[in-house]
Each structure stands twice: as C-alpha cells, then as structure tokens.
Amino acid sequence: MSTKTNIIQGDIKKRIDTWIANYPEDQRQSATMPALRIVQEANGGSLTNDLMDEIAEYLGVPPIAVYEVATFYGNYNHKPTGRHSINWCNSISCYLRGGEELRARLEEKLGVKPGEVTADGKFSIKKVECLGACGGAPMCQIGKDYHENLTEEKLFKILDELE
Amino acid sequence: MVKVEINGQVIEAHEGDMLIDVADGAQIPIPRFCYHKKLSIAANCRMCLVDVEGAWKPLPACATPVTDGMVVRTNSPKAIASQKSVMEFLLINHPLDCPICDQGGECELQDVAMDYGEDVSRYTEAKRVVGDKNAGPLISTDMTRCIHCTRCVRFGQEVAGMMELGATGRSEWMEIGTYVEKSIDSEMSGNMIDLCPVGALTSKPFRYTTRTWELKAHQGIAAHDSIGSHIQVHSKNDKVMRVVPHENEDINEVWLSDRDRFSYESINAEDRLTKPMIKVNGEWKATDWETALQVAIEGLQKAVGNDIGVMASANSTTEELHLLQKIARGIGSENIDFRTRQVDFSADAKGFHTPGLATAIADVEKQDAVVMVGSYLRKELPILNLRLRKATLKGAKVIAVNPQAFKFNYDLEQIADDNGMVANLAGLAKAAADAKGDNDALLANVTATDTDKVNAEALINAKNSIVMLGQIAQSHADYALLTKLAASLAKNTDSELSILPIQANEVGANLVNFLPANGKNAAQMAQGMDAFLLMGLEAADFTDATQAGQAFKNAGFVVNLTAFDSEEARQYSDVMLPIALFAETAGTFVNINGNKQSFKMSVKPQGDAKAAWKVLRVMGNMFNLAGFDYTHTNEVLREVLDNRSTTLALAHLDAEMVSANNDSKVVMVAPYQMDAMVRRAPSLQKTPDANVATMVGGQD
Ligand code: SF4
Ligand code: FES
Ligand code: FES
Chain A
1 MSTKTNIIQG DIKKRIDTWI ANYPEDQRQS ATMPALRIVQ EANGGSLTND LMDEIAEYLG
61 VPPIAVYEVA TFYGNYNHKP TGRHSINWCN SISCYLRGGE ELRARLEEKL GVKPGEVTAD
121 GKFSIKKVEC LGACGGAPMC QIGKDYHENL TEEKLFKILD ELE
Chain B
1 MVKVEINGQV IEAHEGDMLI DVADGAQIPI PRFCYHKKLS IAANCRMCLV DVEGAWKPLP
61 ACATPVTDGM VVRTNSPKAI ASQKSVMEFL LINHPLDCPI CDQGGECELQ DVAMDYGEDV
121 SRYTEAKRVV GDKNAGPLIS TDMTRCIHCT RCVRFGQEVA GMMELGATGR SEWMEIGTYV
181 EKSIDSEMSG NMIDLCPVGA LTSKPFRYTT RTWELKAHQG IAAHDSIGSH IQVHSKNDKV
241 MRVVPHENED INEVWLSDRD RFSYESINAE DRLTKPMIKV NGEWKATDWE TALQVAIEGL
301 QKAVGNDIGV MASANSTTEE LHLLQKIARG IGSENIDFRT RQVDFSADAK GFHTPGLATA
361 IADVEKQDAV VMVGSYLRKE LPILNLRLRK ATLKGAKVIA VNPQAFKFNY DLEQIADDNG
421 MVANLAGLAK AAADAKGDND ALLANVTATD TDKVNAEALI NAKNSIVMLG QIAQSHADYA
481 LLTKLAASLA KNTDSELSIL PIQANEVGAN LVNFLPANGK NAAQMAQGMD AFLLMGLEAA
541 DFTDATQAGQ AFKNAGFVVN LTAFDSEEAR QYSDVMLPIA LFAETAGTFV NINGNKQSFK
601 MSVKPQGDAK AAWKVLRVMG NMFNLAGFDY THTNEVLREV LDNRSTTLAL AHLDAEMVSA
661 NNDSKVVMVA PYQMDAMVRR APSLQKTPDA NVATMVGGQD
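Just so you know, the sequences run in chain order A and B. Quick note on numbering: full-length UniProt numbering labels position 124 of the first sequence as 124, and the sequence is numbered without any gaps. Quick note on numbering: full-length UniProt numbering labels position 539 of the second sequence as 539, and the sequence is numbered without any gaps.
In case anyone wonders, no lab produced these hints; they're calculated from the structure. There may be inaccurate statements among the hints.
[Said to hold, decoys possible] Chain B side only, calculated, beta carbon under 8 Å to chain A, not exhaustive:
1. E164
2. G166
3. S171
4. T178
[Said to hold, decoys possible] Listed next, the in silico DSSO-like pairs over lysine-lysine satisfying Cα-Cα at most 27 Å (straight line):
5. A/K113 - B/K127
6. B/K182 - A/K4
7. A/K79 - B/K182
8. B/K236 - B/K600
9. B/K38 - B/K407
10. A/K4 - B/K390
11. A/K127 - B/K127
Beta carbons: idealized from backbone N, C-alpha and C, even for Gly.
Start from the sequences and build out the full structure, keeping to the hints where you can.
Now the structure itself:
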C-alpha cells in the first residue's frame, strides 16, 4: 500500500522517531498515539484517513489498528476544528452536575452544535467521554487546558478572554 | 495440580487454567460470548460472571485462573443475578430481529437469552442503529446485531494474520467494521461467520436460502487441497446448502479455507451436466446411460492400439483414479497422468516420487526453520500456512525462494530477486554444503553469499526444519533441478524434504499409480493424441490451456466424464458422461500426511449424473476386463489399501546446473482457478484470489 500523503518527513519524522525509539524495535505500534498527535498538530488540528494510512504505513501496522486508536480518544479530530476546540465532557459525573444544561447554553452562545465550527473559525465544540476530572465536574477542555467547576458565568468569561 | 470446587463438585485442574476451561472439562455450563478456545482472552462481554467465594464482586470465568481450594458457584443467586443483568445489558441495543435473522436457530445470543433473558424488556428508549458495511462477496453484515465480543477482530489479528476488522469509536458509538469501505479479503475470512455468536456476520451465498433447523448434516472431507480438512455438508431436500468446518485438532482445528467453504456453490451451478450426451453428426443429443456408454466403449475400442490419453483431475477420489487407470491399462494404454500443470518431467526417468509431508500437519507449528521453494503457501494450502504462521510466532525462521515477493501474513525472509530461483536456491544449498564440507559436484561453480551463510546456519542449528517445494516449483521449467538442489540443502541441514501435494488427492493418485510408467505424460499428451478419456478435467486445468484444448479438438475421439456442460467441452468431446461432484459420491482422499480419509455420499447426484466410480465399473465390464465386479467403494479401496508410497533419491536426479533464469516462464494459478468446481463458484470468483494479478497485488 502506498499512501496519498507525505507528511512524515523532516521535523515531524524526527519527532515521531524520538517516540519510536522509546520502545523496543518490534513495537513501533506503541508510538501510534504520539504519532497521531504530532501529525494532527502539523495538519492544523485534525486528521484525515489518508494521514492515518500514512502513519499506519510508517509504523508498519494495519491501517485499522490506527483507526481504532484515533477514533477512541476524544483528542483526535476527524473534522477541521476552530482555533479553540472545546471538548465537552459528556460522561456521568459532569452530566449529574449540570453539564448538559451548560452545554446547551454554550451552543446557544456560539450558535453551533457539537461537530460544528463557528462562522469566524474561532470555536468548535465536540462531545467527549470522561476526561478524568470528575472531581471538578462539570468540566471541559479548551485547547490543551482543563476548566473545571464550570458555571455559565465562568465559562463565558473564559471564552470572552480567548483571542 | 490444584483442587477447585464448582457447584459442589471437586475438580482437579492445572494451576493457572482459566475457570471456564475447567468448568467446560467437567461439563458445567457457563454462558459466554467473547470467549473462544482458539482466541486470546478479551473478557469484554461479561456474560461468564460467576460467584467465587471470598471475592466481593462476581468474576469473569474466562479470565479468572483457578487456585487451590477455590470455591465457585455458577448458579448461586448472586451468579444468576449478574448473568441476568449482563444479558439484559447486551440486549438493550440488540434489534431482537430473530425472525428475519439468518443466525436464528444457531445463535448463541438466542440460546443464552432463552436461559438468562427476561421475556419483557424494561428498555423503552430508542435503540441505536449501526449502518451495514459492504464487506465483500462472502460475508454479509448486519452490524446492529453486533454485541462487540471482538471475536472477529481477534481472529483477523491472531489467526488469519491480517487485521481487517477493528473496533472504532467508543462507548455508545463503538462499531465493528473496516472504518473505510473495504472488502474482507483474507483467504480464511469465512471463519468469522462461524465465530460471530450472533447474526452480525453471516454467509452471503447462504443467506436467506433456508432456516438452519431444516438442514441435515453429513460428515465429509474437503475436496480442494491436500490438507483434507474435515467438513460438514449441510443439505436440504438433497441439495447442498452450505459447507462448514468440522473440528479436527490434528488437521484443520476448527477452521476452513474459503475455497473449501464456498466451492459448494458450483454443485448447484446452472451448467451442471445432468444427462449423458452424445454427438451425432456434429449435433449434441441427450440420451440414456446405456446408449452413451455403448458409444463411448465402441469409440474407444476403435482407438485401441493407437495413442489413447487418459487423464483425470487430482481432486478425484482414490477409487475413481484406481478404476480409471485399471481401465486404461486394461485396454493397453500407459498414457496416464494427472499432472496437468507440470512442465518439467525429466525426473520421471528415475521413477515417481510420492509427494507428501512426513511431519504431521499439527507439528508444523513446532518447526524452528522452514524453507519454501516456489510456494505462495498462503494461497496454495491455507491451513498449512496457518500452522506455519504459528511456528513463526514462536520464533521460527521462514525463508521463501520465489520468483517474486508475495504478501505473506507473517514475518519471513523472501529471496525473490532477478538472479532467479535456481541461482538463489543453489546459493543457499552451497552455503549448507560448505558448512558440512560436502563437495557436491552440482554446486561446484556456485558461490554462497553472506546472507546464504547466515540462512544455512539457521537451518543447520534448527532442531526441526523442513525444505518444501510448492506449486510454483512444481510448475517451473527447472523443477527437477530445483528438487535436486532442495534435496542437497535438506541433506546438509538435516531437514525434512517435502514435495507438497497441492490438490486434494495427489497422494492418492500416486498410490494407485495414476502415472505414465511407460507412456506419455500430461504435457506430451497435450501435444496431441488419437483419443482421450478424460475425468473431471478441462483445458483450463493445463498450463497451456489453448494447446490442450486444441489437442482435445484434434483427437479422433474424446470421452469426457464431467460434472459440467460447457461450450468448450461440447466442441472437443464426442461423449459426455455426467458424473457426481464431491458431496455427491462416496470415496477416499489421501491427504498430505498420507491419511486415507473416506467419506460417504451427502446428497444424490444431480439429474442423471452418477458417481464416477460406478460409471467406471460399468465401463470396465463393458470392456470385458476382469475384476470390475464391485458393489461398494470399500471393495475398490481394499484393492489399493496396501499400496505404498514410493520415494526416490531426489539428490541423485539427472539435472545439471543452468545459468538461465526461467522464473518468468512459470504460469501461476490463482487459488480459485485451480479446478472446475472453484472456477464455477460465483462468490469466490468475485474475490481478489480469483485471478493471479489481484491475488498478488490486490491486498494489504
Ligand atoms: S461482528 Fe460478531 S464476532 Fe464481530 S464483534 Fe460483533 S458480535 Fe462479535
Ligand atoms: S465525567 Fe466528566 S470528567 Fe469524568
Ligand atoms: S466470556 Fe468471559 S467475559 Fe466474555
């Protein structure tokens, strides 16, 4: 199989190789997650099937093994995102603490639903499973940062302060 | 050994055995979905929860090792409550569409739900729906029925060695599939149908044709390769509806190749020949057996004294081949052969060597090193390839000397460069000879490379090793030379030398001497004969199909025992006698290990077709030959039961080194072109393995 993209070269290749070197030689598959992260970053925040195929070929694993990982974790995006991507926790603790009502307010404010990007390209929302911060429920992740114990006021303030 | 108590019964077990295996051994039922004895433990369905004393939570029996003094209850209120809860949970999103589901009647979910399910669901919300995928011509998908046991995924990863299905998404959005639109192409894919405990993966050709409880099961032996997999033929009203594997740990375990599973489609093909036919003044006429046989015998009798060519498919039964050669020799013809794809017959001068594998099929797993010479084993003998794959997972080194690199499903070293097979094999043999101080004259002008030396070393150091010649070697222009080189390599590395029988009964054909001891071989006969007596063969079975077809056409008289009617056969035959296919006759195949495996008739032959052995018996009598008064296949078999295989000193064949690379002359055959039956199985014909180009290039 030869893939249609050629993103793994130069600096990107070097960064992935550093991760591969962390594992035994016959376990290149272990670098799937960092490779996905690095490639996603280089591609402006989301992945495509062709990019996943390229990663699979580079690591020497079947493409489906990469799809499995890339579709399991909420931090990989399969659609273009806004400049600030909001990962909204959809699991039980946040749900019990009003996460769903709060998300409705968020959708109203931004005028988009999960999976969509605002017209100005600034924000996108995505529903994700438990992010392991149940103690601070309800919570969400914006870019790389967690924001916990959210209220409407607190959430809107964070959004307003973002560039 | 430890002692465990299950439901009050004390059982001895090996420490570390899983509870479910111990319970199975003692026939104590524990419900399960994801557990399968041939796959790794996933413990993801939780159906097997049992109550273990001292454990606060119920434990999954499939992933709980037994310890001494363990006290287990599979039927305590706590165990039953957990099992029922899991059942209810699994059914939440299941469509419960059993009346329109093909799995109905043989569904593990249905069975377990009978025991552990409630009759009314408490779930009133909308169920999730998963779109069906097009997984190719063999497997039908209804993914809403999937319970995510991942058996199919693990089969691909662990057994087929080709991960095509995976679990994408998460939680409520988890789906089993290929993620991108793609067919499932493994040559073993049909096994996923058996493994799937529900109706998510079902057989496309079988789908909607009958309900499983209407089927009658018959034991059988698969008729397309020399493994001799054990099968069950399922029939309804004397029609073969499907074929499934029958467990045999020593041969096919619980698996079956797609070729052996789906070839049955051709039994019910439109172009079956159902009436004896004769050509009268250039016109074909259906007739009765008596007339047809009379015409056949008279025609052949006229040809007696001239060159009569007698050839048969190596997928014929031992009984059929024995009787056919007996007739041939009875009427004075020694032109007898089945090797229609061989081109180099020079080794025949020394006699015949019965192909086979001395190592038991199951023990191929225990090899430390194997050299394949001219073989895409994965497509030639899929079951043997699985065993070899297991050996590689335990660290065995496999080297393949081939005309080109193939997509094997395990790690191996492929030697397939422009030097050609002869030169590459010679290099390897030379390295082994050097290491052993053997001055083999054949190798005098050969030099071994460093890689050859490393490989030879690995073979010498291996405790168990085999050098095997596959189908590509056997159809190579330098077959005798390759055999001689392989023999030298095997001798100096202390390896078993094996010429792999490919078709179902090549070994049987050798045992009954269906070979031209003093006559013409298949290639010579394909150049032209006065008359032909053919059984189960078509021009497409020959390396040069055009030449063979022409030879048949030019012959003065052709009697064709065939299960199929075709334009081509009508052009060259003078009499066509309709014969039974594998599930329609009793007989015996001798497999790669020399096991004589007899089977009974599963269904009646179509139309007026008759088992070929019966036709031959009558022909023998009509020729007034002695010893054709059989009443049962057993009597035919008894006659050849003591026949022994013959071995040749293959290291002493007359063959000289050649410098030419003849690899490009090899005519490769795709697995689904190997015989008249698979060529007519429509579903197999839609897969990549139906032709050489896609077999070699079309898969990942
Ligand atoms: S398709 Fe069948 S075998 Fe595969 S995970 Fe679903 S239920 Fe299990
Ligand atoms: S449920 Fe939201 S962080 Fe765990
Ligand atoms: S069979 Fe034990 S968890 Fe599935």
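These are the hints, each one checked on the structure:
Against a cut-off of 8 Å between C-beta atoms, the interface hint on B/E164 holds, since the closest Cβ of chain A lies about 7 Å away. Residue-level restraint check for B/G166 holds (minimum Cβ-Cβ distance to chain A is 4 Å; threshold 8 Å). With a cut of 8 Å, the hint placing B/S171 at the interface with chain A holds, because the nearest CB-to-CB distance is about 6 Å. Against a cut-off of 8 Å between C-beta atoms, the interface hint on B/T178 holds, since the closest Cβ of chain A lies about 6 Å away.
Straight-line distance between C-alpha atoms of A/K113 and B/K127 comes to about 23 Å, which keeps the hinted pair within the 27 Å bound. At roughly 17 Å between alpha-carbon atoms, B/K182 and A/K4 fall within 27 Å of each other, so this suggested pair holds. With a C-alpha separation of about 21 Å, the suggested pairing of A/K79 with B/K182 holds against the 27 Å cut-off. Distance hint between B/K236 and B/K600 is fulfilled; the C-alpha atoms sit about 17 Å from each other, no more than 27 Å.
Among the hinted pairs, B/K38 with B/K407 is consistent with the structure: their alpha-carbon atoms are about 24 Å apart, no more than 27 Å. Between A/K4 and B/K390 the CA atoms are separated by roughly 34 Å; this puts the pair beyond 27 Å, and the hint is violated. In summary, the hint linking A/K127 to B/K127 is supported, as the alpha carbons are separated by about 20 Å, within the 27 Å threshold.
Consistency note: the structure conflicts with earlier hint 10 alone.
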